[in-house]
Amino acid sequence: MTAKFFDRLSNDLTQLLENGVNFDVTIEIGEAPNSQIFKVHSYILQSRCPYFKKKFNEIPFNDDHVKVLKISDISVKLFNVIVKYVYGGIISLEKLENFIIFDLLIASNELELDELVEYLQTHLVNNNASWLRLNFSRIYQKSYQVKNFKIIQNFCNDIIAKHPNTIFESENFLTLPEDALISIIKQDDLQLDEGKVWEYVIQWGKAKNTTLPTNIEEWTSDNFITLKQTLKQCLPHVRYFSFSHEDVLDKLFPYQQILEPKQWFEIITKFMTPNRSISSIILPPRKILTKVLPPRNTTFPSQIITDEHALEISSWIDKKGSPYIESNPYEFELLVRGSRDGFDIKTIYEICDKVSNTVIILKVEGTGEILGGYNPTEWDKSKIGWMSAQDSFTFSLKTENLKNSILSRTRTNVDFFERIKEIGYYLIESWFSFGYTLVLLNNLKTSKNCYCRKDKSYEKPIRSAEFLSSMHKPPSSNKSTFNVEEYEIFKVSKRK
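In the UniProt record's numbering, the protein residues as written are 1 to 496.
Hints may contain errors.
Here are the simulated DSSO-like pairs of lysine-lysine, each with C-alpha atoms no more than 30 Å apart in a straight line [as the list claims (entries may be wrong)]:
#1 K346 / K454
#2 K53 / K77
#3 K381 / K473
#4 K479 / K494
#5 K460 / K491
#6 K496 / K319
#7 K39 / K84
#8 K142 / K55
#9 K320 / K232
#10 K196 / K206
#11 K270 / K319
#12 K479 / K162
#13 K270 / K251
#14 K186 / K142
#15 K287 / K251
#16 K95 / K496
#17 K206 / K54
#18 K77 / K448
#19 K270 / K232
#20 K448 / K383
#21 K55 / K77
#22 K354 / K383
#23 K251 / K196
#24 K496 / K320
#25 K354 / K460
#26 K186 / K70
#27 K162 / K456
#28 K287 / K186
#29 K186 / K270
#30 K142 / K232
#31 K208 / K398
#32 K186 / K196
#33 K206 / K403
#34 K354 / K491
#35 K147 / K162
#36 K206 / K270
Cβ pair distances, simulated, as ranges [said to hold, decoys possible]:
#37 K287 / K454: 20 to 30 Å
#38 P376 / P284: 18 to 28 Å
#39 N19 / S388: 53 to 63 Å
#40 Q15 / D63: 24 to 34 Å
Think of the hints as simulated: they come from the structure by calculation, not from any bench. Only a predicted model underlies this, so the values are computations on that prediction, with no experimental measurement involved. Note that CB positions come from ideal geometry on N, CA and C, so glycine has one too.
Modelling step: build the complete structure from the supplied sequences, incorporating the hints.
Structure below.
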């Protein structure tokens, strides 16, 4: 029988670290004046950490028989956790915030502590999945910039498979590393039809070659060769035999030159004579879910927007680069609904008086547009005129007719007099306004006085040019004015 006394061993080695007896290495962590010197023992660090084994072999002893090392890209707080793990094999994460744990993961990887890297990934995925989703863009990009994060990569890829727009429609898609893109399009359960996968692959490849002509009819053979070379690692993972007949003609045919001639011939052969045998490898079709999830969570209190819309609005409130995923950090409390409470602007003032941090959502009659805005200031029925609200924004949400949502924040490079025109209150005239980018007047359902126009206080219009007004208070007969089919106002607050 073998007895193991690891607790005592761990405690004794930890005491050796704290006492610093017989140390032969000093490690300066961080930048002065906040740096800290750690007195450590080369034999312990070399036996436990491949990084230090290589480093100490490169550094000679000084006259005091001590090796001196400086590490500036790891904080004192992180290294203190790491060095205690190295000596005692113990780590406690209870008092560490999630972003610190993630930074600890990155530092552990730099020091080649594979056991700790695997443990921290598993901990984050099993215990802090909601935090990973809320910070998805940063986590995903970092997981492919830093090697060995396979557990987190698999976690992220699973989210992307179920919600592909999370990455394909994000502003970071075109800068995605090649191996990340390949890992996505290799997935059997990616919830996209193959024609759409092909479009994204082509879009990514073009972004890597900005000199390619915009109009494909102007492309030369060299242009196609350039794109083919860029995509040579991606092309084998596209499932060409899962394309619809229309997509073969409309999407694949224009780029046939980036495929091998024999491959293109066999794709056409298979679609014309499905039973004929070919030599090309036929990848299996993707496992598209047959049961479509309902577009709106029944617990979400809106009859206009979906959970996906709410997540996007929440990300805008927090000024995130990409939308939140699944776990919304905000609660949306319904205050007003037109069909329930009435459509007159005066009704809104009465119900929302003294309430701040509200989102108004409007479904435009006839067009299906979903317009709205976020107002961080208090509704006040006694106010008349304009006021500044620098964190306010307006938007047009993604619908069947609008591929991507439009976000319009307040401008920062305008003079003071334009800045104070960001939110307008005027109960007496039944008027509320986000600058002139979204103006609400009178009865939203019947008066046809609401309109949008270009505005100096906000970055961009939220409607297409044909529906923008060129004047202040256009008549109801004007094409730019609109009625509202339904509207809702929510109080938005952080979840506890």
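If you draw a straight line from the CA of K206 to the CA of K403, is it 30 Å or shorter?
-> Holds, at roughly 20 Å.
Quickly compare the C-alpha distance for K270 and K232 to 30 Å and report which way the hint goes.
-> OK: K270 and K232 at ~23 Å, within 30 Å.
Quick one, are K162 and K456 close enough, alpha carbons at most 30 Å?
-> 40 Å, violated
Do the alpha carbons of K346 and K454 lie within 30 Å of each other, as the hint requires?
-> It holds: about 26 Å lies between the C-alpha atoms, which stays within 30 Å.
Hey, K55 versus K77, does the alpha-carbon distance stay inside 30 Å?
-> Measuring from Cα to Cα gives roughly 21 Å; hence the hint holds.
Decide if the proposed pair is consistent with the structure: K287 and K186, CA atoms, cutoff 30 Å inclusive.
-> Answer holds: K287 to K186 is near 12 Å, not above 30 Å.
Going straight from one Cα to the other, do K95 and K496 come out at no more than 30 Å?
-> 18 Å, holds
Measure nothing beyond the straight line between the CA atoms of K287 and K251; if it is 30 Å or shorter, mark the hint as holding.
-> 21 Å, holds
Is the Cα-Cα distance between K381 and K473 30 Å or less?
-> 21 Å, holds
Proposed proximity, K494 with K479 (alpha carbon, max 30 Å) = 39 Å, violated
When you take the CB atoms of P376 and P284, is the distance between them in 18 to 28 Å?
-> 50 Å, violated
Per the hint of 20 to 30 Å, is the separation of the Cβ atoms of K287 and K454 within bounds?
-> 47 Å, violated
Violation of the numbered hints given earlier is confined to hints 4, 9, 11, 12, 17, 18, 26, 27, 37 and 38; the remaining hints are satisfied by the structure.
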